[in-house]
Every structure is written in C-alpha cells, then in structure tokens.
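> Going by the numbering used here, 55 is the number at position 52 of the sequence shown; the sequence numbering is gapless.
Please keep in mind that the hints were generated in silico from the structure rather than gathered at the bench.
Be aware that one or more of the hints could be misleading.
To be verified - Listed next, the in silico DSS-like pairs over lysine-lysine satisfying Cα-Cα at most 25 angstroms (straight line):
1. K93 / K62
2. K176 / K93
3. K160 / K62
4. K62 / K176
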Amino acid sequence: AERVREVVGDQIAVIAKLDMDDGLPGSIWIDEALRTAQLLDADHTLDAIELTQGSSVYKPMYLFRGDVPVREFARVMPPALRPAVRLVGKQTMGVYPYEDLYMLPAARQFVSLMRNTQLILLGGITNRDHLVTGRREGFDFMAMGRALLREPDLVNKMIAEPTTRSRCTHNNKCMVTVFGRTHCVLDPEQRYGRVESADAVGALGGTVTAIG
C-alpha cells in the first residue's frame, strides 16, 4: 500500500479489499481480519477498506448468496466434466440463502476499530434504505455489484425515486457469464448473447469476484 501511495500520490484513492472470513475450517476468520484491519489502519496509507467474505474458488456461494447456478455452469463445461458438475456442483459451491445486507453483521465489528481509514460496506445492498442503514452503522461508502450489473443506472433511479428497489433476483446466473462478457442474463436486450463454453478461459478461481 505504501508503494502504491508513492506512485499515485493524492490523485486517486488507494483502497484495499479485505476478506473478513472465508467460511471454511482452517482458513481466514474474523479475529484475524480484525487484527489485519487495525494494522492497515495504523499504517496511515490506505484511504479505505472494502470488507468482503468468502472465496471465489471454494464455496463461492458464501460470497454471492442466493441461487446456485449448477445447470448453467455444467452447460459451459467440457462434456466430460458436465456429469460431475451436475452431481456435486451444489455441494462444491455451497448453499447459502440470500439476505439483504448479509455482510453487515460481520462488517459492523470493524467500524469502531478504524481511526484513519474509511470503510466500505458490501453485500446485499439493493435499495436506498440499505444505503441509509450503512451510513447509520458507521460506514463511509457502500458498494454494489450484481444490482448494478442488472441496472447500471440504479443509483440515479434511487435518487429520483427513493422507493426504488433493485430488479436483481440473485439467481447468480451472471457468474457463468465471466466466461464470455460479464452481464445480467435478465437483460431484456441480451446484448452479449449466450455463453457457450468456458474453454477459452482458465479455471473459475479468481474470476467471479468481478461481480461480487
């Protein structure tokens, strides 16, 4: 972070995305993340920390929450792998029901620790009330992923009409579109078409975080 700050100066914000916990035995847990956040805060280098959860490699639905798109993943895999994906895909990806503001219970534990660094709340933010809640809880900014993928102009809609709610259904079929051009499959224009194969892209790990 210090080296990045040296290069960019004060021209742009320097932000780190910090995993609060992976939801996996023996992996990162929140007590470690709290200590890491304190160390980063004491460094006086970062402008903000965006808090997240889960891994895009193991049990990715802990990060995304909602429907598990097993059939969609199976369809784009090489034929030899499709039966295995259909059979154990849900078990491998994990099953975690979607809830609004689902990262807030963990993330709020970081608020009182920050002295120099602003915090960004992520996870299940789909309407203006969620933004108000985030601010009331002490977060400086809120981040949105799939909701903006569904409606890039969602924030403008919220400003114009405070009762606006995201049209994202959390079906998570957008996860599969990383093998082509990431987009919402509910887009009525279907501008990017259907993803036919994952062959042209490497392993899933590390890619789906783009829409987290």
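> State for each hint whether it applies.
Hints versus structure:
no. : hint       : in the structure
1   : K93 / K62  : holds (9 angstroms)
2   : K176 / K93 : holds (14 angstroms)
3   : K160 / K62 : violated (33 angstroms)
4   : K62 / K176 : holds (16 angstroms)
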